[in-house]
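Engineer: Chains as they are written, first to last, in the working numbering: chain A, 1037 to 1274; chain B, 235 to 668; chain C, 65 to 437.
If you're looking for bench data, these hints aren't it; they were derived computationally from the structure.
Quick caveat: nothing in here was measured; it's all calculated off a predicted structure.
Treat the hints with care, as some may be off.
Each computed SDA-like pair below joins lysine to any residue, with the alpha-carbon atoms no more than 20 Å apart [to be verified]:
| hint | chain 1 | residue 1 | chain 2 | residue 2 |
| --- | --- | --- | --- | --- |
| 1 | A | 1255 | A | 1241 |
| 2 | B | 525 | C | 185 |
| 3 | B | 416 | C | 127 |
| 4 | C | 68 | A | 1153 |
| 5 | C | 68 | A | 1148 |
| 6 | C | 359 | A | 1130 |
| 7 | B | 525 | C | 207 |
| 8 | B | 416 | C | 128 |
| 9 | A | 1091 | A | 1044 |
| 10 | B | 355 | B | 415 |
| 11 | B | 355 | B | 374 |
| 12 | B | 424 | B | 445 |
| 13 | B | 351 | B | 422 |
| 14 | C | 359 | A | 1109 |
| 15 | C | 68 | A | 1167 |
| 16 | A | 1106 | C | 207 |
| 17 | B | 392 | B | 422 |
| 18 | B | 355 | C | 127 |
| 19 | B | 525 | C | 184 |
| 20 | B | 424 | B | 411 |
| 21 | A | 1119 | A | 1096 |
| 22 | B | 368 | B | 330 |
| 23 | B | 525 | B | 330 |
| 24 | C | 309 | B | 628 |
| 25 | B | 525 | C | 241 |
| 26 | C | 359 | A | 1148 |
| 27 | B | 525 | B | 569 |
| 28 | B | 525 | C | 244 |
| 29 | C | 309 | B | 625 |
| 30 | C | 138 | C | 286 |
| 31 | C | 309 | B | 626 |
| 32 | B | 351 | B | 420 |
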Amino acid sequence: MMNILELNDVSMVYGQVRALSNVSMSVGQGEWLAIMGPSGSGKTTMMNIIGCMGKPTSGSVLLDGEELSKLSSAELTAIRRDKIGLIFQQFHLISYLTALENVMVAQYYHSMTDEPEALNALERVGLADRAKHLPSQLSGGEQQRVCIARALINYPRLILADEPTGNLDETNERVVLDILRGLHEGGSTIVVVTHDPEVGFEADRTVYLEHGRIAEVVKKAAEPSVVSQEEFSLQHNC
Amino acid sequence: MFFRMMTGALLRQRGRMAMIAVTMALGASICTAMLNVMFDVGDKVNQELKSYGANLTVVPRAASFLGDLYSEAGDADMGGGADKYLAEDELPKLKTIFWAFNIVDFAPYLESSALVKSGGKSANATVHGTWFDKQFDAPTGESVQTGMGRMKSWWDVKGAWAEDGSPCCEASGMIGASLASKLGVGPGDKVSVSDRSGADVTIAGVFQSGGADDESLFVPLWLAQEISSRQGLVSRVEVSALTTPENDLARRAARDPNSLSRHEWDTWYCTAYISSIAYQIEEVISNARAKPVLQVAESEGAILQKTQLLMILLTALSLSCASLAISNLVTASVMERSAEIGLIKAVGASSFEVSALIITETMITALLGGAAGYFAGLGFAQLIGHTVFGSSIEVRPLVIPLVTLLTVTVALAGSLPAIRLLLSLRPAEVLHGR
Amino acid sequence: MFFKMLVSSLVRRRSRLLAALCAVAIGGTVLLGMASISYDIPRQMGREFRSYGANMVLVASGEEALLGLEDAEKAASVIPPASLVGMTPYRYEMVRVNMQGYTAVGTVFESARKTSPYWSVTGEWPAGSDDILIGSDIAEFTGLARGSSITITGRASDGSRFSRDVTVSGVIRSGSVEDGFIIMSLPALEALMGNSGVADMAELSIAGTETELGEIASSIRAGVPNVSPRLVKRVTQSEAAVLSKLQALVVIVSAVVLVLTMICVATTMMTVVMERRREIGLKKAIGAENRSIAKEFLGEGVLLGFLGGVLGAVFGYVFAQTVCVNVFGRGIILDWKLLPLTIAVSIAVTVCACLLPVRRAVEVEPALVLRGE
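I would like the entire structure built from these sequences, with the hints used as guidance.
Structural biologist: Pasting the structure below:
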């Protein structure tokens, strides 16, 4: 299996705080990976590094074969635009644009807008009839689905979701998870950062972070097995 | 807790609050500068208008217009008596009247008609004796420097201004351009003047005034008294005084001071109207009549009023613009905090508490900014004063309450619409919907 | 999409837009208003300074003692009619009343009231040729008052004697030589003296700067050789001095107010833009380049600046007009060049004020913006 993402010995230091220390892991093509852990375990830092929104203090990050830690922030922006689809806990829709336009914004920054395609993306998340509504007229679940449609519009190599269900009720959570599952089945690579065990449970593999280190890795449909960090690295870096 | 929330907002959101404070400071400095300049512009322009020269002439009560007409016939023969003249030694009393401070300059004149000779040429001309630049001690003890030099700013002088000198030495004088060309003299030349007795005068400068003075010779007062044998006498005094524009009261008083009620009379006497200054001069100089020179006095009033009105309007309009701009900013920056306000409301704050919090924060910031702005504004006012008038603008304490009032009003006016809008929002919408 | 975003941002964020537009419009108002006023001040104030009266005197040139009225009229026609406030001829003659000698002045009252607006007359201005004004000194000395009848005697130009009964219609007070004059209309004096068409001098009141007056004087000298124009230095020089101070005052005050107002506008714009840092962060996160974000805000800034500038220009004109009408009782002359200037400055200030916070926002890592509330 080809690896979309590889982290080698990555550390992140903010001033005195070591947010990540010597983390190595990889994500394969078409894999659904969940990153879990208590607050302060380094989940957000991890998400930022994977999402090309920050560079590690040391170590190397390979995304789709490209080394990220050497790139300038403008080049990182280009990578983010072309290869990553972001889904946020707080949706982050632009308040003065309609659902359709919010999807089109991503097209616009990527290359050029294509309204039928954007509408099509909304249809896939079941929102075709709400295309002309402003975010304030949409429910939380609907807003999150617009956010997903926006993340998918440019066919990213990697979908990165930060607590995608954190602000949703149970019904909407199911809807969103169903969409993600559909995407996974369609072959998309998904990384979800969450503390919701239910979301983690859906993933092929779950990485547990603690104090900036990988505490354990659990595979789906298998007995939880504790793997030491060295063994984990060996397994996945060869 | 209210206090902790407030200090938290003020200290930890320094950027946002600094913006309000800076803008408030700017507004307050406009306000301070404009108000200070506005209050002082009357005095400053008044001072500038002094370049038009005397606005009062003091003449002997008995002197008639006849003197003007028959001066060529030798007036000393016609009426002759001392009542046609003022006494030179009484002039320092001008500096003892109630409005002595407003008397900027004055100069006595004694005219005589004399034969002026130079080389082979001669001409009959009016010779004016005056103080060019005299220094003396007023009865109040202060040292006064005054004279014609400061009152004829429009004279175009070639050479130098003459000096008063004293009877011991040779006199210097100034000659009008027309007379100078008639006699063919220039600066440094000597002319001889003879009326009843003769004297030599060195020409210090030739002047052009664009008026009748161009035909005459100006010499020190003592010399004019000597050659016409009128020791210690002057025929008129020109006075340049700072005055308040006339109003109805002043006009009535000018017609007849006795028609005023006691109270009106006090107001009139204690205001620097030209008529009250004239009245006070008549009180101290015996036998004198002080006449306002309407060309200067009336126009001065008109121009002062226009300038003051202009400044008041400019001040009012720019203050209202500044206020609008600032309250607009305050509104914008309070609105920005909708999420925070929504949260505070969600955890159970009453509308009153929310409003009190915002208003207190804004007020503290505004007042801090206003205080800083006040001092910056004083700087701006001085900058304007020095660049335009070359003198400082007086700092008026009255401006402080005005600026404070404006600051508070503007801060309130800015926060209220925002608060109303924020309170009308439901917390859930603010937190989720955005 | 760029325009869709731009228009949506302006239309759907109405309240914020209003705040920003309001700020820009205020800036424009102050700019255009203050600039027009400081531009027009010399003209407006110059008119007010005409209350000081004549600033040019015409006398006969060369050996001639008397000034021909026709020559004076010709000289006056050289002056642009818009700036000529008035021309008044004066003729001085010796007359006697009750054996006492006086100077009688013949003049044209209608124009004298324009060139010597400071004359104060108690009573009526003379209407017919039998009415005269007497100076206040004469009135005090002789006890004559309004309504008194007197007989004027004297010698006419051909040497014959005349005698005429006239009525004092008013007493004139000016604080200078006029207080000792008998003043009558020029035709009345000409009728007494038996000859007409001459005067001793003529006073002119002309609105204009000292240099303009100098130019007028030299063109009179060239065009009408019998007339010698002289500037009344006391009036012209003092006016130049005071007027330049007044203009400097208004210009500096305007500059200070303008700079401060523009800073106010800029801070308001900044606040409005700062609010959108999250939006900027999001756009960066989904892959917008710094340049395209800057372009969007630039577009908004230009549009806002333009709208605000146009609004400001309209209000600024009203502002300047209000000030002028209230202070001077005359409308302002608008320099049309100021209109595009106002709009351009509004756009520039708005754009600068937008780009500053945007620059700071795009420099921030997108992740920090997204996380930071």
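Engineer: If a hint holds in the structure, say so; if it doesn't, say that too.
Structural biologist: Going through the hints against the structure:
Of the supplied pair hints, the one linking residue 1255 of chain A and residue 1241 of chain A holds, its CA atoms being roughly 4 Å apart against a limit of 20 Å. Using a Cα cut-off of 20 Å, the hinted pair residue 525 of chain B and residue 185 of chain C holds, with the two alpha carbons roughly 15 Å apart. A distance of roughly 14 Å separates the Cα atoms of residue 416 of chain B and residue 127 of chain C; the hinted pair therefore holds under the 20 Å criterion. This hinted pair checks out: residue 68 of chain C and residue 1153 of chain A have alpha carbons roughly 17 Å apart, not beyond 20 Å.
Taking the CA atoms of residue 68 of chain C and residue 1148 of chain A, the gap is about 13 Å. The hint holds against a cut of 20 Å. Proposed proximity of residue 359 of chain C and residue 1130 of chain A is supported: the alpha carbons are some 17 Å apart, at most 20 Å. The hinted pair formed by residue 525 of chain B and residue 207 of chain C meets the criterion: a straight-line CA distance of about 18 Å does not exceed 20 Å. Between residue 416 of chain B and residue 128 of chain C, the direct Cα distance comes to roughly 17 Å. Compliance with the 20 Å bound is thereby established for this hinted pair.
With a C-alpha separation of about 13 Å, the suggested pairing of residue 1091 of chain A with residue 1044 of chain A holds against the 20 Å cut-off. Taking the CA atoms of residue 355 of chain B and residue 415 of chain B, the gap is about 11 Å. The hint holds against a cut of 20 Å. Using a Cα cut-off of 20 Å, the hinted pair residue 355 of chain B and residue 374 of chain B is violated, with the two alpha carbons roughly 48 Å apart. Of the pairs offered as hints, the one joining residue 424 of chain B and residue 445 of chain B is violated, with about 24 Å between alpha carbons and a cut-off of 20 Å exceeded.
Taken as a hint, the residue 351 of chain B and residue 422 of chain B pair is honoured in the structure, with Cα atoms around 15 Å apart against an allowance of 20 Å. Restraint check for residue 359 of chain C and residue 1109 of chain A: the C-alpha separation of about 18 Å stays at or below 20 Å, so the hint holds. With a C-alpha separation of about 15 Å, the suggested pairing of residue 68 of chain C with residue 1167 of chain A holds against the 20 Å cut-off. Between residue 1106 of chain A and residue 207 of chain C, the direct Cα distance comes to roughly 108 Å. Violation of the 20 Å bound is thereby established for this hinted pair.
A hinted pair counts as satisfied when its Cα atoms are at most 20 Å apart, and residue 392 of chain B with residue 422 of chain B qualifies at roughly 11 Å. The suggested pairing of residue 355 of chain B with residue 127 of chain C holds, with an alpha-carbon distance near 19 Å, which does not exceed 20 Å. Distance hint between residue 525 of chain B and residue 184 of chain C is fulfilled; the C-alpha atoms sit about 13 Å from each other, no more than 20 Å. Using a Cα cut-off of 20 Å, the hinted pair residue 424 of chain B and residue 411 of chain B holds, with the two alpha carbons roughly 15 Å apart.
For the suggested pair residue 1119 of chain A and residue 1096 of chain A, the alpha carbons sit about 18 Å apart, so the restraint of at most 20 Å is met. Restraint check: the Cα-Cα separation between residue 368 of chain B and residue 330 of chain B comes to about 17 Å, which is no more than 20 Å; the hinted pair holds. Taken as a hint, the residue 525 of chain B and residue 330 of chain B pair is honoured in the structure, with Cα atoms around 19 Å apart against an allowance of 20 Å. For the hint linking residue 309 of chain C to residue 628 of chain B, the alpha-carbon distance of about 18 Å falls within 20 Å, and the restraint holds.
A C-alpha spacing of about 11 Å is found between residue 525 of chain B and residue 241 of chain C, which places the hinted pair at or below 20 Å, so the restraint holds. Note on residue 359 of chain C and residue 1148 of chain A: the hinted pairing holds, with a Cα-Cα distance of about 16 Å set against a maximum of 20 Å. Distance restraint check for residue 525 of chain B and residue 569 of chain B: the Cα-Cα separation of roughly 65 Å exceeds the 20 Å cut-off, and the hinted pair is therefore not satisfied. A distance of roughly 13 Å separates the Cα atoms of residue 525 of chain B and residue 244 of chain C; the hinted pair therefore holds under the 20 Å criterion.
For the hint linking residue 309 of chain C to residue 625 of chain B, the alpha-carbon distance of about 12 Å falls within 20 Å, and the restraint holds. In summary, the hint linking residue 138 of chain C to residue 286 of chain C is supported, as the alpha carbons are separated by about 12 Å, within the 20 Å threshold. Among the hinted pairs, residue 309 of chain C with residue 626 of chain B is consistent with the structure: their alpha-carbon atoms are about 15 Å apart, no more than 20 Å. Between residue 351 of chain B and residue 420 of chain B the CA atoms are separated by roughly 13 Å; this keeps the pair inside 20 Å, and the hint holds.
Going down the numbered hints, you'll see the structure goes against 11, 12, 16, 27, while the others check out.
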